[in-house]
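Peer 1: Listed here are the chains, written in short residue letters.
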Amino acid sequence: MSQPVQTRAPEATEPALPDTVWAEKVSWVSLVPRWVSMAGLLVVFLALWQIVTSAGIVSQLILPSPLDTIVDLGFVGRNLFSGDYMLAAFWVTAREVFWGFMLALAIGVTLGVLVGETSFGERAVMPYIVAVDTMPKLAFAPLFVAWLGFGIMSKVALAAFISVFPIIVGTAAGLHATDENARMLFRSIGASRLQTLVKLKIPSGLPHFFTGLKIAAISVVSGAIAGEFLGGGQGFGELIRVAASQLDTPRVFSLIIYLSVLGLVMFGTVSWLQYKLVFWQRTPVTGTRKASQ
Amino acid sequence: MTSPVLAEPDGRSARPVYELANVCKYYGERGVVALEGVDLTLREGEFHSVIGSSGCGKSTLLKIMAGLTPPSKGRVMLAGKPVLGARPDIGMMFQQATLFPWRTTVQNILLPVEVREGRAAAEAARARAYGLLELVGLKGFENTYPSQLSGGMAQRAAICRMLIAEPNVLLLDEPFSALDEITRDFMNMELQRVCLERNASAFLVTHSISEAVILSDVVHVMSARPGRVVRSIRIDLPRPRTLDMVVLPTFGAHVSEIRHLLDTGALP
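Protein sequence lines, in the order shown, are assigned to chains H and C. Position 282 (the first sequence) corresponds to 851 in the numbering used here; numbering is contiguous. Position 195 (the second sequence) corresponds to 777 in the numbering used here; numbering is contiguous.
Derived from the structure by calculation, the hints contain no laboratory data. Take these hints with a grain of salt, some might be off.
[To be verified] For each label pair, taking beta carbons as the anchor points, the in silico distance ranges come out as:
(1) C:637 x H:844: 42 to 48 Å
(2) H:687 x C:637: 28 to 34 Å
(3) H:593 x C:611: 54 to 60 Å
(4) H:848 x C:841: 46 to 52 Å
(5) H:610 x C:730: 45 to 51 Å
(6) H:848 x C:637: 57 to 63 Å
(7) C:700 x H:705: 16 to 22 Å
Note that CB positions come from ideal geometry on N, CA and C, so glycine has one too.
Make the full structure from the sequences, and use the hints.
Peer 2: Quick look at the structure:
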């Protein structure tokens, strides 16, 4: 204990005043590891689900019990890993998702650069893009089937059509996001338009671009499945449709859960790319919270 | 009273760097007057400041001088040639350091060289960049990213970037106003040292009266709406300036003169 500066001698018997130490309020949830709270929530959710179904509150035809679903997950898993018809269906959907995403990426970046970098794009093209974006895109599915047939191409087209808009908007917003001072600096050092694009606008726009890309990576799976619902085919969407028509709800659930792997892989790949490329602005994978500095 | 060490007050001996004649800037359809009839001459090795309340058009003036925006009327000459766009012989600095987070400190500093002369020239200038970093006390931070630098360190790196191409004229838009006062005083002295060493001319936009007086040979006081130079005041303090000159009566007289001009709405 350091002695405080005092002008008079301290009384030897003077009682020391107590420290004013007090505890900050901390939620107990933040004291346990994250996986514990996540697992806890899952257990509670599954237990409630089991109670609701086994007590007969909801018919098993409408909502299967979690146990039934897990049993069916095992069945579908065995079918998938033994390379049976479900694996073939999975690959059909996976190909639709992959090519749909690639097509959306190519068109989205091209249109995004046109809109974000040129006055013509911003003034003349953008209003039309916004107009099409406000249309219910699933309503175009019959057109794609009519134009491209019942094969994989119509699903690729619908998946790309649904996921292209976030990429266009993300790219254009990214190119517009450049700081005013940074643009002045580039002009003052005599940078050409191409140099400004490559050395300034593209790097500073990457976070926006990846935000759009993440939205696209998730919606592309929905696009492919919706395409299969509305245009037939041999993918997972067709399996779901058939299972649902037979009121085989456990099967629908387990197919959706395996399907979510596709979305996770897409989202994870994009997040990983963002982590590698935008190394100066690393956010948690979920992207919902800014990394604390 | 100390006599000025620099050239005689009218500065006839030094070569003019910037010559502005009747520079005006109007905005929009209704012709809002941002700048009206600005005449000034910045001579080689001189340090000028322009001071005024926000919205008096001082940043517009700086942009016109840098060739980033055209004047509506009048003429701007830099080194005897008309300014018709961005010029390679000036260096600029802004309130924000504007370092790019995807480039290391030294890559940020080499950016002007890379843009104008290509990667090979930037690589060749690397040693000079290291020298500049050492000069401003950033030795050891060459290969870190700007996120590792404090506000003052980032502005010092921005100084290096401005100096890498060895410009004759420095245009400074409130370069240290985002820094705390202690750091700002230090940076201002650094800036003076840099200018004296290279005999560079500088034009500073600021809203700090004491900063303007301590750094400048001439302070231009501007009024708002329309933005015009009300009075140009020659500061007769010896060079090099030191921070303790703020206690000199001359300093106080200049500060109160400028304050009075600004308080009375900077009306002539």
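Peer 1: Hints first: check each against the structure and report whether it holds.
Peer 2: Status of each hint after checking the structure:
At about 43 Å, the beta-carbon gap between residue 637 of chain C and residue 844 of chain H stays in the expected band of 42 to 48 Å. At roughly 33 Å, the beta carbons of residue 687 of chain H and residue 637 of chain C sit within the given window of 28 to 34 Å. Distance hint check: the CB atoms of residue 593 of chain H and residue 611 of chain C are about 58 Å apart, consistent with the given range 54 to 60 Å. Between residue 848 of chain H and residue 841 of chain C the Cβ separation comes to about 48 Å, which falls inside the hinted range of 46 to 52 Å.
Roughly 38 Å separates the CB atoms of residue 610 of chain H and residue 730 of chain C, a value that falls outside the hinted 45 to 51 Å. A beta carbon spacing of about 40 Å between residue 848 of chain H and residue 637 of chain C contradicts the range 57 to 63 Å that was offered as a hint. Between residue 700 of chain C and residue 705 of chain H the beta carbons are some 51 Å apart, a value that contradicts the proposed interval 16 to 22 Å.
In this structure, the earlier hints numbered 5, 6, 7 are contradicted, and the remaining ones agree with it.
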